[in-house]
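Working from the sequences, and respecting the hints, build out all of it.
Protein chains in written order, with my numbering: chain A, 606 to 830; chain B, 188 to 414; chain C, 0 to 257.
For the record, the hints were derived by calculation from the structure and aren't laboratory data.
A portion of the hints provided could be inaccurate.
No farther apart than 27 Å at their CA atoms in a straight line, the calculated lysine-lysine pairs in the DSS-like style are these [as the list claims (entries may be wrong)]:
id, chain 1, residue 1, chain 2, residue 2
1, B, Lys-410, C, Lys-89
2, B, Lys-410, A, Lys-685
3, C, Lys-237, C, Lys-9
4, C, Lys-89, C, Lys-237
Under 10 Å between C-beta atoms, here's a sample of chain C residues computed to sit facing chain A [what the hints assert, rightly or not]:
id, residue
5, Arg-87
6, Glu-152
7, Asp-153
8, Arg-154
9, Arg-155
10, Gln-156
11, Leu-233
12, Glu-234
13, Gly-235
14, Gly-236
15, Lys-237
Note that CB positions come from ideal geometry on N, CA and C, so glycine has one too.
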Amino acid sequence: MPAIDIHDRPALLEARRLAYARNEEPIFGPLDFALHEGEVVLIEGDNGAGKTTLLRVLSGLLEPTSGEILLDGAPLTLAKLSHQVALLGHQPGLKGDLTALENLRFAAGLGGVRAGISPTTALAGVGLEGYSDVPTRQLSAGQKKRVALARVLLAPVGLWLLDEPYANLDLDGIKLVNRLLELHARRGGAALITSHGAYAFTSGTPRRIPLRGTLRETVGEGDVA
Amino acid sequence: MKSGSTTAACIALLRRDLTLIWRRRGDALNPILFALIVVALFPLALGPEPENLRRIAAGVVFVALLLSGLLALDTLFRGDYEDGSLEQLVLSPHPLALLLACKITVHWLTTALPLLVVAPLLAEMLNLPHAVFPVLLAALALATPLLSLIGGVCVALTVGMRRSGMLLALLVLPLYVPVLIFGAGACNAAQAGFPFLAPLLWLGAGLVLALVLAPLACAAALKISLS
Amino acid sequence: MNALTLWFHKIGSPPTFYRIAGAFAPWLFVVALVLGTIALYGGLFVAPRDYQQGDAYRIIFVHVPCAWMGLFAYIFLAVNAFIALVWRIKLSEILAMASAPVGAAFTFITLVSGSLWGKPMWGTYWTWDARLTSELVLLFLYLGVIGLYHAIEDRRQAARAASFLALIGIVNVPIVHFSVNWWNTLHQGSTVRLMGESHITGAMVWPLLVMALATHIWFFASVLARTRVGLLELEGGKDWAREVALADAPRETVTAHG
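Structure below.
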């Protein structure tokens with residue numbers, strides 16, 4: 606498997622002294638890290654450690670209290686970011702009254718579609734082939750998560766920000782997430798995922814960033830090449 | 188790998204919202220029923236003498252539609268906020284103001300347009316002279332989109348608050364006052380035989396301004412609320 | 000230019016502003032009270048009777064300055080709101096939110112005093128003329144800003160949302176005034192008009208101006224006092240706020256900390 610030389614170009618996403626506080630209570634930071642193409646980084650922390658907030662800051666929804674974020678070496682703006690990032694937030698972002706396929710079609714219309722994939726194939730890709738006509742509100746939490754993953758899969762972006770992608774999923778679902786991450790990284794994409802469990806990312810261990818107040822990044826056991 | 192065009196995105200959004208409303212089309216009757224009840228209360232409170240009712244007819248219809256719209260305003264963003272779709276709209280690569288304008292348009296089509304259709308019935312219940320009907324409809328056609336646009340900005344500020352009904356009313360009513368004055372005023376002027384074009388033109392001017400500015404303000408307000 | 004911006008930065012820092020405001024506010028209150036008393040004395044006893052309204056007109060010495068302050072406070076609020084939204088300066092956020100209740104109070108006094116004046120003037124406590132109606136809408140705008148500010152948990156987000164509302168509202172006030180004016184011309188039945196062009200003689204002017212000065216000073220004193228509280232609320236976790244709290248603490252606590 607050809608290794609992508611990750612040190613050739615500027616990092617896809619870089620955070621410098623990034624910190625966020627709400628009502629003067631520090632939520633996380635100062636944090637420094639860089640994410641390159643082909644990498645998957647795991648942000649760990651207990652509940653309330655600020656993982657979700659960090660992802661929302663990185664996605665441009667929140668403004669950091671201090672520090673800066675660089676996208677491809679240039680300062681971040683929401684406009685630039687929206688073309689390059691897909692966020693899987695706490696809620697699946699799906700309308701209950703629409704079927705899974707309709708939800709994906711809407712996402713395709715809103716955000717565009719990666720080459721070589723369609724809403725139908727994305728749905729099949731997450732193992733929900735027979736469920737295209739089921740109203741989303743009738744799906745289980747795990748199935749809704751899979752539809753949300755399909756949405757991320759469809760997006761023509763290089764950077765995935767996934768908040769608790771393993772939540773609500775069974776063993777098959779966890780394997781699915783790992784497989785999708787692997788494929789994405791191999792394509793040259795990058796992903797930042799949060800989790801409070803210790804789920805194995807099969808193709809090597811992802812670089813880990815612990816979030817416990819004000820710790821800096823510790824480099825883990827190696828990068829995905 | 189490139190994102191779709193903005194037009195495609197707007198069409199997708201319009202389609203989605205219309206589909207959602209269609210799937211719950213029973214709910215669309217609620218604003219109409221509310222307006223009917225409000226209008227019916229006035230003769231019950233003031234007595235059935237046609238002369239009394241005739242004098243207040245246009246104003247009451249306007250207020251009934253205004254209050255109806257106010258109640259319906261909450262549904263503009265609540266559903267999307269609760270399931271995370273609103274965030275996805277903010278994060279999409281297209282101008283948020285344009286997307287919100289699409290949402291407000293669908294909201295107006297499905298809450299205010301039915302009220303416009305019912306307005307002649309409401310006016311008839313209060314003995315409004317038939318000659319004033321066209322002016323009433325013109326005024327409502329100009330005022331209701333204006334109310335939706337202004338309301339949209341205020342709802343964006345309170346999105347996600349539980350029990351925001353009273354606060355929303357407090358925020359929105361001072362902004363509704365000029366619209367009500369010009370709208371109902373045009374009808375009253377027509378009823379009294381005075382020239383009524385000026386207030387309608389003012390409403391029109393306000394509408395044009397709001398069409399341009401309100402979506403932008405709504406987007407800014409939403410970004411503040413979601414932060 | 001550099002010295003000026005440096006001075007602004009220094010003033011804008013919460014601990015500095017807290018100290019300066021604390022030094023000025025009490026004195027400003029005293030001055031305002033003194034001036035206000037002088038103005039009231041002048042208005043109630045020294046100024047001559049109006050040949051039309053007798054003594055009833057004397058309420059303008061309260062009503063008019065409060066009306067001016069209601070509008071001034073809103074402009075102060077709007078300017079700070081703008082700075083807070085564009086440059087995200089903490090102090091501006093707090094100044095804006097501090098001025099809202101004060102402005103609302105002045106507007107309320109304007110409405111009540113106007114209403115009390117209405118009885119001897121027009122025989123009614125309330126009338127829907129342009130100025131009173133716009134004043135009422137202004138009060139609702141203030142209440143909306145205050146309500147929104149208190150409805151949001153995150154203090155800074157709350158200040159930004161309320162500031163945004165204030166800016167929308169300030170556009171609305173002249174529009175409302177204009178529309179109500181038009182509406183009054185429409186309903187020609189109303190013969191009520193306020194004093195008309197005020198031809199107010201010299202002897203009546205000075206208490207009015209002194210009261211205007213007094214209310215301005217009171218406004219600033221009040222805003223400074225409220226801002227101090229707001230700063231402590233917002234910066235509660237910081238060192239300087241802790242020092243302030245400890246400085247005011249009773250003796251035993253201080254020795255316990257060594």
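Against the structure, the hints:
Distance restraint check for B/Lys-410 and C/Lys-89: the Cα-Cα separation of roughly 18 Å lies within the 27 Å cut-off, and the hinted pair is therefore satisfied. Between the alpha carbons of B/Lys-410 and A/Lys-685 the distance comes to roughly 16 Å, so the proposed pair stays at or under 27 Å and holds. Using a Cα cut-off of 27 Å, the hinted pair C/Lys-237 and C/Lys-9 holds, with the two alpha carbons roughly 17 Å apart. The suggested pairing of C/Lys-89 with C/Lys-237 holds, with an alpha-carbon distance near 14 Å, which does not exceed 27 Å.
Because the beta carbon of C/Arg-87 sits about 8 Å from the nearest beta carbon in chain A, less than 10 Å, this interface hint is met. The interface hint given for C/Glu-152 is met, as the beta carbon of that residue sits about 8 Å from the closest beta carbon of chain A, less than 10 Å. The beta carbon of C/Asp-153 is positioned within 10 Å of a beta carbon in chain A (closest approach about 6 Å), and the interface hint is therefore held. Because the smallest distance between the Cβ of C/Arg-154 and any Cβ of chain A comes to about 6 Å, under 10 Å, the interface hint for this residue holds.
Hint status for C/Arg-155 relative to chain A: holds, with the closest Cβ pair at about 7 Å, below 10 Å. Interface restraint check for C/Gln-156: the shortest CB-CB distance to chain A comes to about 8 Å, inside 10 Å, so the restraint holds. The interface hint given for C/Leu-233 holds, since its Cβ lies 6 Å from the closest Cβ of chain A, which is under the 10 Å cut-off. The restraint placing C/Glu-234 at the interface with chain A holds, with a minimum CB-CB distance near 6 Å, inside the 10 Å limit.
The beta carbon of C/Gly-235 comes within 6 Å of a beta carbon in chain A, closer than 10 Å, and the hint placing it at the interface holds. At its closest, the beta carbon of C/Gly-236 sits 5 Å from a beta carbon of chain A; the interface hint therefore holds under the 10 Å criterion. A distance limit of 10 Å between C-beta atoms decides the matter here; for C/Lys-237 the minimum to chain A is near 7 Å, and the interface restraint holds.
Taken one by one, the earlier hints all hold for this structure without exception.
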